[in-house]
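Undergrad: Chain A is already provided as a structure; the job is to place chains B and C on it using the hints.
One line per chain: the protein sequences are A, B and C, in this order. Following this note's numbering, the residues of the first sequence are numbered contiguously, the last one being 253. Following this note's numbering, the residues of the second sequence are numbered contiguously, the last one being 511. Following this note's numbering, the residues of the third sequence are numbered contiguously, the last one being 840.
Calculated directly from the structure, the hints in this document are not laboratory data. Here the structure is a predicted model, which means the values were calculated and not measured. Heads up, the beta-carbon is just placed ideally off N, CA and C, and yes, glycines get one too. Keep in mind that the hints are not guaranteed to be accurate.
Claimed, not checked - Going by beta-carbon spacing under 8 Å, a handful of chain A positions derived as facing chain B: (1) F29; (2) G40; (3) S42; (4) S43; (5) L44; (6) P48; (7) V186; (8) F187; (9) G195; (10) W196.
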Amino acid sequence: MVSVGLAVAWRTIYNALTNRAFLVPQIAFPLFFFTAFAGGLSSLSKVPNFDYPGGYTAFQYCFVLLQSAAIGGVFTGFSIARDFESGFSRRLLLAAPHRSAIAFGYALGALGRASVTWVALTVVALAFGMEVSGSGIDLFGLALIALCANVAGAFWAMGIAFRFRTIQAAPLMQVPVFLLLFLSPVFVPYELLRGWIETAAGLNPTTYALEAARSLIAGSPEEVGLAFAVMVPLAAAAAAWALLGLRRAARAG
Amino acid sequence: MRATLDQIGSIARRSIVRTLRQPGALAPTIIFPLMLFAVYSAGAETAEKLPGFPDVDYTEFAFAVPFMHVALFATGIAGTDMARDIESGFLQRLALTPIGGVSLLIGQVAGAAVMGLIAASAYVVTGLIVGVDVAAGIGGWVILIALSVCISFAFAGLGLAIAVHAGNAEAVQGAFPLLFATFFLSSFALPRPLIEVDWFRAVATANPVSYLLEGERSLIIVGWDAPALALGFGLSALIAGLALMISARLLRTRLVRT
Amino acid sequence: MRAADNSIEVEGLVRAFKNGPRAVDGIDLRVEPGEIYGFLGPNGAGKSTTVMMLTTLLPPTGGTARVAGFDIVREGPKVRRVIGAALQEVALDPYLTGREHFRLQASLLGLSRAERTRRGQALLERVGLIEAADRKTGGYSGGMKRRLDLALALLGEPRVLFLDEPTTGLDPQSRSALWEEVARLAREDGVTVFLTTQYLEEADVLARRVAIIDNGRIVAEGTPAELKAGIGDPTVEAVPHDPAQRAAAAEALATIGTPCAAPSELGVSVRLRGGAADLPAVVRALDGAGVRLAQLHLHEPSLDDVFLAKTGRSLEGAADGAEPVNPPR
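Only chain A is shown next, with the shape it has when bound in the complex (with noise of 0.2 Å):
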């Protein structure tokens, strides 16, 4: 089961990092987003009751971090939706003996994927002249929370994938993510938004991974079970809706 899994994540994260058109949007996308909120909207920060001590650029950096987090997780479902096009997937359905294994090894290349944005978006936000004063700890609870949302846009998009088998399921696999990542705390925190996006963000479990993730850089560690009592389970139920996906795959053959 491990090596089947192994195989899997070697061949997602071998793709990903030698094939340009995957690698540029998985990069440049996250770091156009970063650049543009913290540069082009850093004067938000001068709004009054703007209560975040760790500055602008920390603040959008861990939107950023999440944000390429979920959907290059998704990126990986679109690479299932392709595989199942062109008939590998049969082949990888065909030769390995604990069929979880595949999803779990996809799982496992998208965090691999990731984790090449994440350093790069980092280095990025560091010259940016981002502020860290979380603690070791603190940051390995931001990577923690980074890794459940990655995990939960991967097993959405693959139970997507595994159930439609075809690239044009695209949009439903990234629209609700989208929607997820944009109704929080996107721009200011939580107490200053008004209206419906209030509503909407009170009820959006990203907003507690944001704002916890937030928390931890800054070096003030703010409701961070709440985050993962609302992140793990998230990722185990998008994980079992990707079993049961995979599982109506291997049934069509």
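TA: Positioned in the frame of chain A, the structure of chains B and C alone reads:
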């Protein structure tokens, strides 16, 4: 002259028909910018409280964004259609007819321009529903659509240039991050004077996308601002002209005929 | 139409690519008005490159050619006005219907609206696509796409028609239907047809004359019968029931023809000077020698045998070389 117009018309008709027959590609280009607009306008609403921010709702300030956003998709649609024609050999079929290179290119952007028109009209309707108040009045709504179509036409020309140069759809899609960057490195979220980071403000000032956005925005938050509109229309015409010129030159090696 | 204007004349035609091979290495040919001329060769031989040059879509790097009396380099637009071409890639727009393809092409050719409708309707009927005319070509089968492609090539009422591997990927029924249509075009409408193919049977059945091209050069040219006769006489192969009777069979056959290598290990072969007319004598000789036969085969030389004799390779198993049809950038 009549023959040239007929040729452009034929290719344009095909381009429009193709675009409209791909609702799966069309719908996201209309809906996605609206989604982003909803998120930006609500999420960054507090920007209204910044000293120096214009005396308007942030919703009205951000309303120009979807009109500009659709131009990015115009690049993809026109570029991908052209790339497919090259890859499939359809361009060779056209090469056996008397059609000229420039006529072909102008006709090819028609589909993306029509998409820009449909999208802009949808945004106008949305704006009316959510109560956006366009300072330039009813005429302003019309000019907003017209400017959006011009910008879509210009960016579609860029897509053509990329497609004719590279000859494949992957290259067109690969250029998307670059176009995305030009959109974000602009005054899309805040007025340029309120951008704190010096280098970002400098880039936004040098970025033609800022002026295209500001041309549209001027109709919404200022009224009839002739210099802003002149810059907006002028720049789109310049981008369109340059893109078509480059495409025509590159097309000579693709549409090889003795 | 004047018959003399439907010819194709090629002298020393060359297409060399930058830092690459000569895809066409100096070919000479003449296609008579109203003739179906077969251009036979394996993948990478230079067939499609030749077609691209003659249809003015690729300038030659050497030599000259005239199509319907017009020089392909100096009078390109005039050439395009009198030719039709169905190239190797079917190249249809999957989002347009069959009828819309006609409308587009006719409009670009400058036909009047009435003429567009008349010709489009007639051609759709002719290729049996009237019922599918208003369906998007993305849903057409391979055979339907090829038929539409042929019909579009005929839209301008060409004097010279270029068909580049027109039946590749078609089922036998669709292939036969296409052959009938091509033969009718030449026979009844006097259209000159330049047909490239890698299928021996296609060249054999359709073409009045065939040129065999390999590595950019014409290695043989003539009618199929001439080409085959030039290789040699047909052979007969006898396979006895009892392998021990091989020697007796060989002795009996040696009285009828010239011994030669047999295609199979169990058989014996001779070359028959009289062709199929010698078969009764063969049967009598074997019967007289008491040989009980399992099989008796008459092998007529094929165009593959011609290719084999000229190049040392079989056409049907010839190497797959990618033919650089489009010039590298």
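Undergrad: Could you work out which of the previously given hints the structure breaks and list their numbers from low to high?
TA: Those not satisfied: there are none.
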